[in-house]
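J.: Chains as they are written, first to last, in my numbering: chain A, 8 to 288; chain B, 9 to 272.
I should point out that these hints are in silico values taken from the structure, not numbers from a laboratory.
Don't take each hint at face value.
[What the hints assert, rightly or not] From the derived model, a few chain A residues whose C-beta atoms are all more than 12 Å from chain B:
(1) M8
(2) Q103
(3) V170
[Said to hold, decoys possible] Stretch-level coverage of chain A by chain B, calculated; a stretch enters the list once three of its residues show a Cβ under 8 Å from a Cβ in chain B:
(4) 124-131
(5) 172-180
(6) 184-192
Glycine included, every Cβ here is placed at the ideal spot set by N, Cα and C.
Listed below are the residues making up each chain.
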Amino acid sequence: MMELWYSLLAFLPFEWARPEGMLFMKHALLAVILIMPVLGVAGTAVVNHRMAFFSDALGHGAFTGVAIGALVGLAHPQTSSLIFALIFAMLVTFVQHRSGMSRDTVIGALASFCVAAGIFLATWGGRSISRLANFLVGDLLSVAPMDLGIALAVFFGFFLVWVFLYNRLLLLGVSSSLSISRGHSPVWIEVVFAGLLAVIVTFSLQWLGLLTVNACLVLPAATARFFAKDARSHVWWSCCLALVAGVAGVLMSWYAGAVAGASIVMVLALGFFLTILLRRR
Amino acid sequence: MKFLPTGVRPIFHPVISGRLVGQACATHCCSRLDHIGVQAGGRDLIRDVSLHLHCGELIAIVGPNGGGKSTLLRALIGEIPYSGKIEFLDAQGKVYLSPRLGYVPQNPRFDPGMPVTVLDLFAATLSKFPVWLGNRRPLRQRTLEVLAAVDADFLVDRRVGELSGGELQRVLLALALEPKPNLLLLDEPVSGVDANGRRLFYQVVDRVRKTFDLAILLVSHDFRELTQVADRMVLLNGSIQCVGKPREVFSHERFVELFGRDFQ
């Protein structure tokens with residue numbers, strides 16, 4: 008499977024694409040091709056439901072999990088970060104529905120607790136926090152073929168859930184009362200969507216970085232709004248923009264010698280601001 | 009027009025506005041609210057609300073802000089828990105288990121920049137096929153037909169965030185009518201809509217009531233327009249204060265206490 012990918016890339020006129028060596032770059036490229044469309048598509052609902060703050064805070068929940076994973080010596084802190092991101096997502100959704108408080112307030116309270124707990128645990132006993140730096144900025148050049156297998160599963164799993172969830176999410180985005188009158192349960196729709204976001208954010212975190220992953224979720228969908236004429240074209244525009252920016256960002260990081268996650272976000276942000284400047288009013 | 013099979017005796021056939029209502033309702037005939045109460049924070053929001061709604065009848069719920077009008081509708085759609093009983097009876101007096109409710113919410117607050125068209129909204133509601141994989145042609149035709157019933161078929165490709173208040177409410181009314189509900193609930197559907205938009209909306213509601221022969225529960229503050237369309241009016245302020253024809257309610261002492269004599 009990977010051999011096929013390597014031989015396909017060999018047709019490209021780049022020095023890193025030659026058959027011999029530079030596997031990390033080829034893996035990084037495949038990684039963004041799998042994960043960026045997922046983030047782009049999920050981002051449309053994040054933007055429509057005004058959940059950018061929530062998806063940003065999800066990373067904070069995952070950070071606590073990473074710190075705990077490192078503390079107890081887990082080989083893959085991703086497992087504990089996923090569990091914590093899921094707990095965070097469920098807590099925010101349920102606390103918001105139970106307390107009737109605004110989502111912003113609940114997220115603000117829980118996210119700051121999670122970050123504080125993460126830093127406290129990571130530095131417990133006088134240890135240095137620098138070993139968690141990878142999670143802050145991401146490391147797309149250390150993707151292993153095994154990770155790509157999981158990325159493929161996340162890719163298909165996401166789109167499977169998305170097929171069943173999308174229409175309900177769209178109706179809920181217009182009015183929760185309308186959604187209830189159609190026999191839907193807004194709480195459960197939000198719980199499933201929040202869980203789905205927790206999975207994709209946590210998974211992307213190791214590659215794109217805690218500080219930049221949310222931009223990969225929000226910027227493609229926000230830019231796509233300027234081009235989209237309806238819900239379908241919004242999803243497809245966002246998917247394509249995320250994919251193009253992902254590939255362009257990885258190439259940029261290679262030639263600039265910079266971190267890939269930040270390079271992708273630079274491309275996305277540039278596209279967003281250019282679109283605002285150039286679009287016809 | 010469908011009539012009841014021979015030998016079936018309808019249980020509710022009240023004469024409303026000179027029309028014999030109920031003759032056409034072979035399936036659904038009556039919604040019965042039996043001592044409905046809603047509590048929140050140890051306080052009664054509404055208590056002891058009992059009402060019968062017959063098909064073809066439009067009942068307007070009026071009352072002061074905080075009087076429990078929207079609470080009653082939210083209880084009916086199952087958004088908030090309530091005490092008491094809500095029953096939907098067919099023409100033979102049998103209780104329905106799952107009646108269809110159409111609901112038009114009050115000023116839905118969504119992101120106006122959302123790239124969602126009227127057709128997307130219908131496609132998401134009427135079909136399980138995900139909207140992002142494409143709107144199918146038959147669905148567009150069906151949407152156009154339903155929108156035409158409320159004079160809104162020209163809005164099919166417009167974004168919902170670009171619609172005026174009156175246009176949006178007509179679209180939501182069309183959405184509530186598909187599939188045909190047994191009971192239509194309208195929660196202050198035209199609050200904040202200009203006079204022309206309100207007049208058009210009530211004309212459409214009146215036509216819908218006559219065309220589809222369904223029961224309509226309408227919460228509103230537009231007393232003057234209600235006199236044109238409402239068969240009965242209920243003054244709700246925590247509990248039912250009075251019920252009757254609009255003119256009767258307007259001259260009732262409880263109504264006069266709350267809103268004055270301007271509407272008599």
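J.: Each hint needs a verdict: does it hold in this structure or not?
T.: Each hint tested on the structure:
1. M8: holds, 27 Å
2. Q103: At roughly 16 Å from the nearest Cβ of chain B, Q103(A) sits farther out than 12 Å, so the non-interface label holds.
3. V170: violated, 5 Å
4. 124-131: violated (count 0)
5. 172-180: holds (count 6)
6. 184-192: Contact hint for the region 184-192 of chain A vs chain B: holds, 5 residues under 8 Å.
Hint compliance for this structure: hints 3, 4 are broken, all remaining hints hold.
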